[in-house]
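**Q** Following the hints, complete the assembly by docking chains W and C onto the known chain A.
Residue numbers (this note's numbering), protein chains in the order written: chain A, 313 to 604; chain W, 9 to 263; chain C, 3 to 308.
Hints were generated in silico from the structure; no laboratory data involved.
One or more of the hints may lead you astray.
What the hints assert, rightly or not - Just so you have them, the derived chain C footprint on chain A, three or more residues with Cβ under 8 angstroms: (1) 315 to 326; (2) 521 to 531.
To be verified - Derived coverage of chain W by chain A (criterion: at least 3 residues anywhere in the stretch with Cβ under 8 angstroms from a Cβ of chain A; other residues may be distant): (3) 105 to 113; (4) 170 to 180.
From a predicted model like this one, the values you see are computed outputs, not experimental measurements.
Even for Gly, the Cβ is constructed at its ideal location relative to N, Cα and C.
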Amino acid sequence: MRSLRESCIRHGLLTSASISILTSFGILFILIKESLPFFEDVSPWEFLTGTNWAPLMVPRDYGVIPLVVGTLLVTGVAALIVIPVGSLAAMYLSEYASSRARRILKPTLEVLAGIPTVVYGYFAITVVTPALRAVIPGVEVFNALSAGIVVAVMIIPTVASLSDDAMRSVPNALREAAFGLGATQKEVTVGVVYPGAISGVMAAYVLAIGRALGETMIVTMAAGSTPLLTLNPLDSVQTMTGYIVQVSLGDTPAGTPGYMSIFAVGLLLFVITLSLNLFRIWIQRRYVRYDT
Amino acid sequence: MKNPVIPRTVLEARNLSIHYGDSAAVSGVSLKIPEREVLAIIGPSGCGKSTLLRSFNRMNDFIDSCRFEGELLFEGVNIYGPNIDPVELRQRIGMVFQRPNPFPKSIRANITWAPRMAGYLGDYDELVERTLREAALWDESKDKLDKSALSLSGGQQQRLCIARSLAMSPEVLLMDEPCSALDPIATGKIEELIRGLREQYTVVIVTHNLQQAGRISDRTAFMYQGDLIEIDQTDRLFTQPAKKKTEDYITGRFG
Amino acid sequence: MNRSQHFQDRFTQRHRKDRLFKSLTKVAMSIGFIALAILLTGILIEGLPWLSWDFLDRYPSRTPSKAGFKAAFWGSLWVIGLTTLMTVPIGVAGAVYLEEYSAKGRFAKFIELLISNLAGVPSILYGMLGLIAFVRMFQPTTDPTTFLGIQVPFGRSVLAGTCTLSLLVLPVLTIASREALKAVPDSLRLAAFGLGATRWQCVRHHVLPSAAPGILTGVVLSISRALGETAPLVMMGALTYVAFTPSTVYDPFTAMPIQIFNWASRPQPEFQSVAAAGIIVLLAVLLGMNAVVVLLRNRAERSKAA
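Isolated chain A (complex conformation):
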């Protein structure tokens, strides 16, 4: 009786754990199934290498590169900001702040991570974009720079908090060794602690970049909806996620290639983030664990 009960419970728990299998393969299955009709019309080669994205006009063109470049442009701006800012903030938390200051600063910084993305989108269009337009000439109403900056603000806590954890796991013995040799705090932080924590820090970067790539609301609201192939962050661009939202908000009838194209773009986005996630998990698995 007791073992029957235990076995039922065990299977119930197992089922719950297995939902993730269903979700993972569900997403993959749906993206593939729904984009198959699209790929009957448009060859995957044309889709992946075409440099013109014009799915809603005649003649139609389904070259995804402008969307990919738009996504990379916003992500690139965000990464250029968040990697130095997040890492330095983590160094402050881990090496300079007193433990009391840290206990207050870190959760407050993490508040930034809990703010809904739609609020960030609002912040981008009402504060950041007007400020940029006042300072830099030639900034369009919708532009990659504003979106990139705000995405960076959103992911600062991810980078700072996880890098802080990684740097604090570097054993004190290494800090003492370096100080004992007559190094300054900066030399210890940059020369010993940061490299000692590099795998954890890299995992934080990759996680943050993955968030930036898949970020939807900020880019939809601030980056615009012109799928131009440009590397100028002052221009309006369209990201992969921005395109998906644009179509799902519009009146494109379901079943047309224009509509189906969102699943092809979604599939590409899934593949990109999947590779990033696997890369991150791989880094984390070979994380140097200090056992002193």
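**A** Same frame as chain A, but now just chains W and C:
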């Protein structure tokens, strides 16, 4: 033999007390350490010997609750004085820790890292070879200088840490129980190395291995509960201790 | 001090770099706080004048001064309430299985990998899953029929939104709950087994109560995430103009973030202010949820200490 040279005092503590919060770790210690001496500090765990050692190059600065009274002179200058740069001080007074703590970098980089920061002008290859030879590690490591220091055995790692300290050409080398994490063979090698270091450096070593203190030191200081009980020539301290406490400790009656 | 001038110069230079670097880290640290401060003050200045009890009691309108948040507010509460009911048991059960039952086998490793990946899948892809699997259930249209007493497909209903958001936050909750379970000392488990408890008795009576504060934090973290999610709901077509509050799970709905997005995207500047008022309400709800949890946690920890 001509007139005996009176050795110069390198380090001197004058009535030094160190507190962690409300508890005293070291109370009223006075001692002089002459040039090119190996001084061993012995005593039971928690007697304040490590705290005293770490105060010589201001490694206690990182502990917020740590307070000092009295004076600690290095070459006649109070190292807790207002114009002392702890970074410079630590270049001149090196430290080797209880557990080997090489940086997770190559053997070569472990040695060159600090000199590079300090702006060492000489030849780095020569520096690496010289210090590894001084630390008796050259033969074992010359073929794998660019391999990770973590690939070395524990005893080799500790000798690398010593070589790393020597690369800064310190005047004094502080050692905090450098053999406590090592096996007897590795310990033997380090002891031999320390005896050789006496030619050029002043060495202060904390140990709770009494035989070790007997084997390697010129003088030995015995500390108990934060007090310096007795300091004397090593052979005299071990054979004819002046204080009852010292005798009790070295005959194994406590600690 | 008898070292050469060269080293003295180096020291001066190194200390200057050290001070500069420290200031740099402080600046980097403050950037996040400055951004947070600007964001919050901007929203408060913009939105507070538009905020009133009336705002929460009106439906959306073409006229900014008559626009209200009622449908979105109640829509969000419905969806979030149901999402909590759905995810908490499943998420905690999954975490218990992975942490307490699976013997670090291949299957568990595989699931771990999937969950770790799922936590990094962009939320808009969950929206696509929701659209096809729940809203349309692989049908070309959403005309509902009844199947075993359930209305299928779910259409753009509260139920479809709940299912989608539940799948989205499950990995977050599972990971957080596992961390909480991991923090429970093994000695507790050994003690329970030593007294002849079955695994489930051990988990239920000893491990779960001790991990409860950590799990609770995970619950709030994941529900906060669900409350703020916009993209998947936009994707699955939650409506932007809804002039009623849901009364069954099959009713269409809108949610706070969607309504804010809708207002913020309008050209009239007044709607920007209405959006700010909506943001204040959304942030207040988020803050309230987090505050409740801090209180509950403190109480739990105090009662444990007593």
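**Q** Confirm or reject each hint.
**A** Checked hints:
1. With a cut-off of 8 angstroms between beta carbons, the segment 315 to 326 of chain A has 7 residues touching chain C; three or more are needed, and the interface restraint holds.
2. With 7 residues having a beta carbon nearer than 8 angstroms to a beta carbon of chain C, the segment 521 to 531 of chain A meets the requirement of three or more and the stated coverage holds.
3. With a cut-off of 8 angstroms between beta carbons, the segment 105 to 113 of chain W has 7 residues touching chain A; three or more are needed, and the interface restraint holds.
4. Counting residues of the segment 170 to 180 of chain W whose C-beta sits closer than 8 angstroms to any C-beta of chain A gives 3, which meets the bar of three, so the coverage hint holds.
The structure is consistent with each of the numbered hints, conforming to all of them.
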